[in-house]
Each structure stands twice: as C-alpha cells, then as structure tokens.
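A.B. asks: The primary structure of each chain is shown beneath.
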Amino acid sequence: MIRYIIRRIIYLIPLFLGILIIVFVASRIAGDPVRLMTVQNPHITAESRQALSEYYGLDKPLYYQFFLFLAELFQGNLGNSYALRGGTAVTTLIGDYAWLTFELQISALILSLLIAIPIGIMFFYMGIIAIIIFAYFLGWVPAGGAHSILAERYPFGSYALDGLWHLALPAAVLTFATLAPVVLLVRSSMLEVLRQDYILAAKASGLSDRSVVYKHALRNALIPVVTYVGLYFGGMLAGAPVTETVFNWPGVGRLFVEATTKLDFPVIMGITVFITIMTLIANLITDITYGYIDPRIRLE
Amino acid sequence: MKKIKLVKPKPPVRREKNRSKGVSQWNIAWRRFKKNKAALAGALIIGFVLFLAAFDALIAPYPPNATPGFYIGEARVAPSLKYLFGTDYVGHDVFSQVVYGARSALYVGFGSAAIAMSIAVLVGLISGYYGGFVDNILMRTTEIFLVIPFLLILLVFLKVITAVVPSGVGGLSIVMIMIGLFSWAGNARIIRGEVLRVKESEFIEASKALGASKRRIVFRHIFPNVLHTIIVLTTLMIATAILVEAAVSFLGFGDPAAITWGQQLQKANEAVKEAWWEGVFPGLFITLLVLGFSLLGNGLRDALDPRLRE
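Here the protein sequences come in this chain order: A and B. My numbering puts the first residue of the first sequence at 1137, with every later residue one more than the last. My numbering puts the first residue of the second sequence at -19, with every later residue one more than the last.
Honestly, I wouldn't trust all of these hints.
[Stated by the list, open to error] SDA-like cross-link-like pairs, simulated, lysine to any residue; straight-line CA separation at most 20 angstroms:
| no. | chain 1 | residue 1 | chain 2 | residue 2 |
| --- | --- | --- | --- | --- |
| 1 | B | 62 | B | 47 |
| 2 | A | 1398 | B | 232 |
| 3 | B | 14 | B | 271 |
| 4 | B | 247 | A | 1268 |
| 5 | B | 247 | A | 1340 |
| 6 | B | 188 | B | 176 |
| 7 | B | 247 | A | 1266 |
| 8 | B | 247 | A | 1265 |
| 9 | A | 1398 | A | 1191 |
| 10 | A | 1398 | B | 176 |
| 11 | A | 1398 | B | 144 |
| 12 | A | 1398 | B | 236 |
| 13 | B | 194 | B | -13 |
| 14 | A | 1351 | A | 1321 |
| 15 | A | 1351 | A | 1338 |
| 16 | B | 179 | B | 190 |
| 17 | B | 247 | A | 1271 |
| 18 | A | 1398 | A | 1193 |
| 19 | B | 194 | B | 114 |
| 20 | B | 247 | A | 1269 |
| 21 | A | 1398 | B | 141 |
| 22 | A | 1398 | A | 1215 |
| 23 | B | 179 | B | 194 |
| 24 | B | 17 | B | 268 |
| 25 | B | 194 | B | 112 |
| 26 | A | 1398 | B | -13 |
| 27 | B | 247 | A | 1384 |
| 28 | B | 15 | B | 281 |
| 29 | B | 247 | A | 1397 |
[Claimed, not checked] Just so you have them, the derived chain A footprint on chain B, three or more residues with Cβ under 8 angstroms:
| no. | region |
| --- | --- |
| 30 | 113 to 126 |
| 31 | 132 to 138 |
| 32 | 230 to 237 |
If you're looking for bench data, these hints aren't it; they were derived computationally from the structure. In this text, a Cβ means the ideal position worked out from N, Cα and C, and glycines have one as well.
Could you put together the complete structure from these sequences and hints?
C.D. replies: Written out as structure tokens, the structure reads:
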C-alpha cells in the first residue's frame, strides 16, 4: 500500500510541472505584465515602466523568471500582489480567503453525499433564483456575504450562528446542483454490482439482503462514486469564481476574479497554483481510496 | 519483399427491386430514438432556439440594443403585453435581447464544440491506435489539460487578450476559440478508450492481414466504429460550451459588444431585488438550451450504442 501511494505521488510531479508551465505561459503570452497594466494609463512614462519592471524582476529573461518562480514556490513563497491590499504577499491573501471557500465547498459536498434528491440545473442560475425567492421575497436568509457587518444582526448574538445562517443558502444550492449525478451514479453502479456472481454466491450462502447490499455490494459500487467525488472537488474549486460571485462570498474565487480584472499576475498565478495543488491532493486521496476499496488496483 | 498488388473486387450489382428489406444501423438508431420522449423534447427545444436564432430580427419586436423604454420612463418595468419579459435598467426590451442572444449561444456552442471535438478526435484516434511512446506523450498532455483549473486559465487568457486586442475585434469568436482549445481533454480520453476497444476486434485483424495501411485502418475502419461515441460527446460538448460561455460572460469576461444571455444575467445580478425578470428569463433560456442538448445527447447515446441494445 505504501509503495502504491509513493508511486501515485511521483506520478503527480510531471503533471504539476506541466500545469505550472501552462499557467506561466498564460500570464506572459501577451508580453510584459507592466505594459498590460499600464496600457490605459496616459500619464505613465517610459522610465517609471522600466522601474516597475525592474522592481518586479520582469526585466530578466523569461526562463530565468520561471525558474525564480519555481524556486520561490518550493520555499512556499508566491510573491507579492501588484494591485491588491498594497502589495500583500499572495500566500497571506490566499490564506485569508481559502478557508471560506473550503467551508462552502465542503459543506455542500458532505450534504450532497448525505441526502439524495435528483435535481440538475446549472447552479449559478439556480443560485440567482434561490436568492430572489429565499432572500428577497421570503427574507429567510441573507442574500450574500459570509457574515453580517453589524454585530447587532447576529442571530442570538452568536458569531458562529451568523456564519451558518449565511452559509445556508449557498451550501443548499450547491448541494442540489451536485446531488443528481451522485444519486444516478450510486444507483447505476449498485445495479451493475448486484448482477454479479459473487452477490449471488453471498445470497446463496444465506446472508440477509441487508448484509449483502451494505457489506458486499456497496464497497464495489462505491468506486465510481469515489471517482466522481475526487473530480467534483477539483471542478468545484475551479468553478469557485462563479459560485462566489453569485453569493457574494468572500473566498479565493472572488479574489481571483478581482485579481484577473486588475491583471494582478502574482495573485492570479498564486491562486491557480493553490487550486491545482488542492486538485492534485484530491486526486491523490481518490487514488489511495481506490487502493483501499479495491485491492486489485494496488497491484497494477 | 515483393509487393503484392491488391485488385479491388467490383461490388456486386444490386437490384433495388429484389433486395430484401434490410434495415440500416441508422434506421435502427432512429427507431430507438423515436421511442425516447425526453430526447425528442430535447430536439424540440433545440429546434425552437434554432428557429429564434434564424429569424431573430422578425421575432424580436425591437432592433438589437434598442432602448425603447429609456426616453419614456419605462426602464426596469415589470413584464406586460408591451414588454413580454419586462425592460432592464436602461430600458432594453428583455424579450428582444433574449431573442438576439440565441444566435450568440448557438455560435459559441457549435463553434467551441467543433474545435474541441476536432482536437479530441485526432488525439484520441492517434493515441489509441498507435499506442506506445506517442500514446504516452499525448495522454500525459491530456492529463495536464484535465487537471488544470480550466475556468481560471480561460478568464486570464480572455482578460489578457482583450487588453491587447482593440475592443470590438472578434470578441465572441475569441471566447469561442478559447473554450474550444481548453475543453478537449476529457473527450480525447473517452475516444481513446473506445479506439482501444475497437482495435482488438477481429475485423481490424482481418484488415491488417489484407495489407491495409495504418491510415486506412484508422480512418476507414476505426473511425466509423467510434463515430457514435463522437456524436454523443459532441452534443454534450455543445451544452458544456454554452454553459461555460454563460459563466464567463456572467463574470464580466465575455465580449461586451455581443448580446449574450450570460451578460444579461450579469447585469441582472446587480439588481435581482428590484427587477427579477431581468435575470430570470435569460437564465431560463440558458437552462432550457443546455437541458435540450443534454437530453438529446443522452437520447443519442441510448439509441446509437450497440451495447445498450436489448
């Protein structure tokens, strides 16, 4: 098992490097970031552009910049923002927003795995409709944000309850949007597993239906579900900009939209790297879970 | 080695009259498709939106971007007989704008799907048939494109390109091309899997034994046998592309010069409280069209896949 895990980790390294290269190319494809940021500024002089380029190390050759970026990355440093909060370190920015993104995504993931009602519409439209109905017409929950601004508005004066109250609507909508595939998947893979011979053998040896379904069938039926959950987590993190814009949720997704609007490349690259690492970790956990559920996979 | 020249046998002459009533694969598929009510509904929705897009100028009561409500104090009024879906904050007739949005949605949907599927088919066929080193390189690249946070990269590319290219130059086409270039990976992997399955068939073995070239085997024998998968994936890809364009426009990274449903949603999102109709109707059309393509795709899968035949 440990050998299997190590193999999976080694396998991720070229993947990660490849993505870093694409991210780097994406941020430099149109040339010097300083020129891009100042293209609509008529007052800037060539000297100040030059000074900015030197300050951010953008005057060095591209490959040098890339290796510098890599070296800094392995020391856990993602550089400083160009435009947000007066040049705060990108890691600090991500640290401040990441937890809120996780709070939303993880609560939705857990809820959608716990309950099962098949509905499948595009979630950001569902979000808008839900805000209109539940926040404006019914007034049950707040329309956006992660916390009330004024302490007087906390339900029963509790900060934690206030957080939950704000979380309710976005988590519910995300849950409904992701439920349908999970339900369909569990059902179809369960039906497939129940047709197999070893289930018949288990039944023939006199085991109760309950024991057959939960002990023997479920374990094998869960493999596609594990795949889905792994993919889902990466996909939802990448979709965070949309989710968080709909619900005005102050997480990394909205930070990313803001940074992209301002062409703040250190923040853009930092968040992309962060989400990529999270996705890769999710994939790794998926692979390890596979190995745990199905011993045959370990030996491949 | 002496090359053996193969003489192509003449096809047997068929007389239509005496031919026993055979049913083609497409006939079987069509029969199965007809029985699927959900898929027919999907086709109907797509037909309806195609109709809107084709005759938008005749259907919409006002010209594109016209603001009939602006000068007469009818900005942001609720739906009525005069304005079927109400008007927005500057007095655009929401119904007209929704009708004009149909063309953009279909353009991006079909265009992106065409680009993504061309790459996916090529990568899938080559990777699946040739195997070995080529397969390894292509699949590792595919994996990178699968793991990469696609929406984030897309937003950055769009922002950077719009900062360089002067505004108004092929905005919607850029969105379309970008979506296409970044969403082929999953499809390529599925097609490769299908190719691997077909490759083991006996008729491929027979064809090899007859001395057919690799290219002939790939394009004449394998391609038609994975075509049903490609058709299904294309349909679902169109749905995804429409959804991605809506999301991109919703975040404000779309083409500001084009009339798209996503952009209408974005503008409406600033005022959901005052004017629900601004967002509800464009969103309803996105949902309907995406649902239409998904239903059609799933219906086609049931109809075309020979393994699902009972």
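A.B. asks: Now tell me if each hint is right for this structure.
C.D. replies: Hints versus structure:
Only pairs whose Cα atoms come within 20 angstroms are accepted, and residue 62 of chain B paired with residue 47 of chain B is accepted, the gap being roughly 13 angstroms. Between residue 1398 of chain A and residue 232 of chain B the alpha-carbon distance is near 13 angstroms, which keeps this suggested pair within the 20 angstroms criterion. About 18 angstroms separates the Cα atoms of residue 14 of chain B and residue 271 of chain B, which keeps this hinted pair within 20 angstroms; it holds. Only pairs whose Cα atoms come within 20 angstroms are accepted, and residue 247 of chain B paired with residue 1268 of chain A is accepted, the gap being roughly 15 angstroms.
At roughly 63 angstroms between alpha-carbon atoms, residue 247 of chain B and residue 1340 of chain A are farther apart than 20 angstroms, so this suggested pair is violated. Taking the CA atoms of residue 188 of chain B and residue 176 of chain B, the gap is about 16 angstroms. The hint holds against a cut of 20 angstroms. The hinted pair formed by residue 247 of chain B and residue 1266 of chain A meets the criterion: a straight-line CA distance of about 17 angstroms does not exceed 20 angstroms. For the hint pairing residue 247 of chain B with residue 1265 of chain A, the CA-to-CA distance comes to about 15 angstroms; that is within 20 angstroms, so the pair holds.
Pair hint residue 1398 of chain A plus residue 1191 of chain A holds up; C-alpha atoms about 18 angstroms apart against a cutoff of 20 angstroms. About 46 angstroms separates the Cα atoms of residue 1398 of chain A and residue 176 of chain B, which puts this hinted pair outside 20 angstroms; it is violated. Distance restraint check for residue 1398 of chain A and residue 144 of chain B: the Cα-Cα separation of roughly 14 angstroms lies within the 20 angstroms cut-off, and the hinted pair is therefore satisfied. As the CA atoms of residue 1398 of chain A and residue 236 of chain B are separated by approximately 17 angstroms, the hinted pair is consistent with the 20 angstroms bound.
Of the pairs offered as hints, the one joining residue 194 of chain B and residue -13 of chain B holds, with about 19 angstroms between alpha carbons and a cut-off of 20 angstroms not exceeded. For the suggested pair residue 1351 of chain A and residue 1321 of chain A, the alpha carbons sit about 18 angstroms apart, so the restraint of at most 20 angstroms is met. With a C-alpha separation of about 10 angstroms, the suggested pairing of residue 1351 of chain A with residue 1338 of chain A holds against the 20 angstroms cut-off. Between residue 179 of chain B and residue 190 of chain B, the direct Cα distance comes to roughly 16 angstroms. Compliance with the 20 angstroms bound is thereby established for this hinted pair.
Of the supplied pair hints, the one linking residue 247 of chain B and residue 1271 of chain A holds, its CA atoms being roughly 19 angstroms apart against a limit of 20 angstroms. Taking the CA atoms of residue 1398 of chain A and residue 1193 of chain A, the gap is about 19 angstroms. The hint holds against a cut of 20 angstroms. Of the supplied pair hints, the one linking residue 194 of chain B and residue 114 of chain B holds, its CA atoms being roughly 15 angstroms apart against a limit of 20 angstroms. Pair hint residue 247 of chain B plus residue 1269 of chain A holds up; C-alpha atoms about 19 angstroms apart against a cutoff of 20 angstroms.
With a C-alpha separation of about 14 angstroms, the suggested pair residue 1398 of chain A and residue 141 of chain B falls inside the 20 angstroms cut-off, and the hint holds. At roughly 16 angstroms between alpha-carbon atoms, residue 1398 of chain A and residue 1215 of chain A fall within 20 angstroms of each other, so this suggested pair holds. With a C-alpha separation of about 12 angstroms, the suggested pair residue 179 of chain B and residue 194 of chain B falls inside the 20 angstroms cut-off, and the hint holds. With a C-alpha separation of about 16 angstroms, the suggested pair residue 17 of chain B and residue 268 of chain B falls inside the 20 angstroms cut-off, and the hint holds.
About 15 angstroms separates the Cα atoms of residue 194 of chain B and residue 112 of chain B, which keeps this hinted pair within 20 angstroms; it holds. Restraint check: the Cα-Cα separation between residue 1398 of chain A and residue -13 of chain B comes to about 67 angstroms, which exceeds 20 angstroms; the hinted pair is violated. Restraint check: the Cα-Cα separation between residue 247 of chain B and residue 1384 of chain A comes to about 15 angstroms, which is no more than 20 angstroms; the hinted pair holds. With a C-alpha separation of about 13 angstroms, the suggested pairing of residue 15 of chain B with residue 281 of chain B holds against the 20 angstroms cut-off.
At roughly 17 angstroms between alpha-carbon atoms, residue 247 of chain B and residue 1397 of chain A fall within 20 angstroms of each other, so this suggested pair holds. Coverage of the region 113 to 126 of chain B by chain A holds. Counting CB-CB distances below 8 angstroms, 4 residues qualify, and the rule asks for three or more. Look at the region 132 to 138 of chain B against chain A: 5 of its residues bring a Cβ nearer than 8 angstroms to a Cβ of that chain, three or more, so the hint holds. Counting residues of the region 230 to 237 of chain B whose beta-carbon sits less than 8 angstroms from any beta-carbon of chain A gives 4, enough to reach three: the coverage restraint holds.
The structure is inconsistent with the numbered hints 5, 10 and 26, although it conforms to all the rest.
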